[in-house]
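A.B. asks: Sequence:
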Amino acid sequence: MFQNFKLIQNNTILENVSIPLIYNGMSSKDRKAKVLKGLEDVGLHQKEDLLPNKLSGGQNQKEDLLPNKLSGGQQQRVAIARAIINEPKFIIADEPTGALDSKTSKDIMDLFVSLNKEKGTTMIMVTHDREVANKADCIIHILDGRVKEKEVLTHE
Numbered sequence: 001m002f003q004n005f006k007l008i009q010n011n012t013i014l015e016n017v018s019i020p021l022i023y024n025g026m027s028s029k030d031r032k033a034k035v036l037k038g039l040e041d042v043g044l045h046q047k048e049d050l051l052p053n054k055l056s057g058g059q060n061q062k063e064d065l066l067p068n069k070l071s072g073g074q075q076q077r078v079a080i081a082r083a084i085i086n087e088p089k090f091i092i093a094d095e096p097t098g099a100l101d102s103k104t105s106k107d108i109m110d111l112f113v114s115l116n117k118e119k120g121t122t123m124i125m126v127t128h129d130r131e132v133a134n135k136a137d138c139i140i141h142i143l144d145g146r147v148k149e150k151e152v153l154t155h156e
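Counting from 1, position 53 in the sequence shown corresponds to residue 53 in full-length UniProt numbering; the numbering is continuous, with no gaps.
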């Protein structure tokens, strides 16, 4: 995951999240359900105006939203949904909660922890937020390109 999201600006939200599934050869019917679940996982499931017209069944043209119609935090969650949609073995993330409010940040970190615990996904993450870092099992502090300290955390 990139800090600036790397969403394809002329693709709808649904198309952006679908891309990894298309490359994996998933049928469009199966993609629809999986993408909606992915958006739900990142907290965008109740935002009906974020779903493209062809999936939500709505008649309003504004429902075919492109990424530039979303807030930074919403774009970040779309990028996270795209990153996790294929249940990868590992995720490398640069400030994955940087554009999110504290509640959404906590929710996303809880999602990452559950991916780690339930699916064995390894997370490598850059963050300046100590609360985000505290969710990790191991923290490596880097200053001026050099490892300064390694912390192993125990979670009760």
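Wrong hints could be hidden among the right ones.
Simulated DEER-style distance windows between Cβ atoms [unchecked claim]:
#1 S114 <-> R146: 30 to 36 Å
#2 T154 <-> S71: 34 to 40 Å
#3 V147 <-> D30: 41 to 47 Å
#4 E149 <-> S28: 45 to 51 Å
#5 D144 <-> I92: 18 to 24 Å
#6 G145 <-> N68: 44 to 50 Å
#7 D110 <-> L143: 27 to 33 Å
#8 L143 <-> N24: 18 to 24 Å
#9 S28 <-> D144: 36 to 42 Å
#10 K150 <-> I92: 17 to 23 Å
#11 D144 <-> K29: 48 to 54 Å
#12 L111 <-> K150: 24 to 30 Å
#13 V152 <-> S102: 24 to 30 Å
#14 D144 <-> V113: 37 to 43 Å
Honestly, the hints are just simulated from the structure, not real lab data. From the three backbone atoms N, C-alpha and C, an ideal C-beta is built for every residue, glycine too.
A.B. asks: Compare the structure with the hints numbered earlier in the document and write down the numbers of the violated ones, lowest to highest.
C.D. replies: Result: hints 6, 8, 9 and 14 break, sorted rising.
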